[in-house]
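S.K.: Read top to bottom, the protein sequences are chains A and B. In terms of the numbering used here, the first sequence is residues 144 to 244. In terms of the numbering used here, the second sequence is residues 162 to 382.
Treat the hints with care, as some may be off.
For the chain B half of the interface with chain A, some residues (derived, Cβ under 8 Å), not all of them [what the hints assert, rightly or not]:
id, residue
1, F173
2, G176
3, L302
Chain B regions said to be covered by chain A (calculated; three or more residues, Cβ under 8 Å) [unchecked claim]:
id, stretch
4, 162-170
5, 183-193
6, 205-219
7, 224-238
8, 286-293
No lab work stands behind these hints: they were computed from the structure. Glycine is no exception: its CB is placed at the ideal position from the N, C-alpha and C atoms.
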Amino acid sequence: MTPQLSWYLALSAVLFTIGVVGVIIKRNVISMFMCIELMLNAVNLTFVAFSSFFRDVSGQLFVFIVMTVAAAEASVGLGIIIAIFRNRESLDVDDASVLKL
Amino acid sequence: MTAVLFILFAGFAVGCAISMIAQRNPLYSAISLIGVFVSLACLYVMLAAPFIAAVQVIIYAGAIMVLVVFVIMLLNVEQEERVPTRLRSLIPIAIGLAAILFAEAAFIIFFVHTSPSTPTGNTSDVGLTSSIGAGLFTSYLLPFEITSLLLLMAIVGAMTLARSGGLLPQSAVVVPGYQVLAKDVLDPHAAPDLTPVVAHTTVEVERLLGLENAPHLRDKG
Chain A
144 MTPQLSWYLA LSAVLFTIGV VGVIIKRNVI SMFMCIELML NAVNLTFVAF SSFFRDVSGQ
204 LFVFIVMTVA AAEASVGLGI IIAIFRNRES LDVDDASVLK L
Chain B
162 MTAVLFILFA GFAVGCAISM IAQRNPLYSA ISLIGVFVSL ACLYVMLAAP FIAAVQVIIY
222 AGAIMVLVVF VIMLLNVEQE ERVPTRLRSL IPIAIGLAAI LFAEAAFIIF FVHTSPSTPT
282 GNTSDVGLTS SIGAGLFTSY LLPFEITSLL LLMAIVGAMT LARSGGLLPQ SAVVVPGYQV
342 LAKDVLDPHA APDLTPVVAH TTVEVERLLG LENAPHLRDK G
């Protein structure tokens, strides 16, 4: 028995839901950042599964672009995290509820 | 055989993801997230996408997670303290909604059979590096170039955000060329007087600041 497309989609949905739950329940901004990375990876799994089952290369190109966006997001997001920590001495998102430094 | 491998890797991915949420120390959740990335790379290999699998390991598990772990170490993040749960009355509603969502997903998986059931073989050249490169430089050239612009913006943005203080370092004393100095820099007794004093050359600035005997401060260029 070989894995069907729906198996991969179900796994992707589970991972995405875990990521959403993590973003909601976590208060540490770095943990929230990692949960966002997990959601991006769940979407990547969907792209690759569709690309592989439909024999179309476009999905993997989208995965490549999503990875680039994730790398850019990591650099800018961690820069923002360092700036917040430098100003507030805290990584709790409730301490940074005012949208200015 | 592949079903067994799929269940193994999927179980490892879901277990690592749940462990990532359950950990209170961000460093442990980062390590769990690396486990998720590696098992997803194994799933990409099963889906006949070796290039994406390699890029997943190199970029995600290599570059991005090293950056995250570096920031965690740099900021010396302490463990999250346990705070009492707010809105406790919403928990049964949340469980009910989750059950409805799970039932919908199970219905779709078990009763809707419209998905293509063609197994992925090794005869396809979809996931190979050559086909990805050909697609990237022919029909998807514009997104590729926009991606490079995005990376440039990310570099500039990260540098601007992470830099501390103003444009000049604290040790900058003499800047060559036409410049304007506040008067209280030259004379401490004239502190409230903010009339600017204009100097036109480096030598003049040095004379005004009383720095003629400090040649090491002079710009070598």
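S.K.: Look at each hint and say if it fits the structure.
M.R.: Quick rundown of the hints versus the structure:
1. F173: At about 11 Å, which exceeds the 8 Å cut-off, the nearest Cβ of chain A leaves the hint on B:F173 violated.
2. G176: 10 Å, violated
3. L302: 11 Å, violated
4. 162-170: Per the Cβ count (3), the hint holds.
5. 183-193: With 3 residues close enough to chain A, the hint holds.
6. 205-219: Check passed, 9 qualifying residues.
7. 224-238: holds (count 9)
8. 286-293: holds (count 4)
The structure does not agree with the numbered hints 1, 2, 3 stated previously, though it agrees with the rest.
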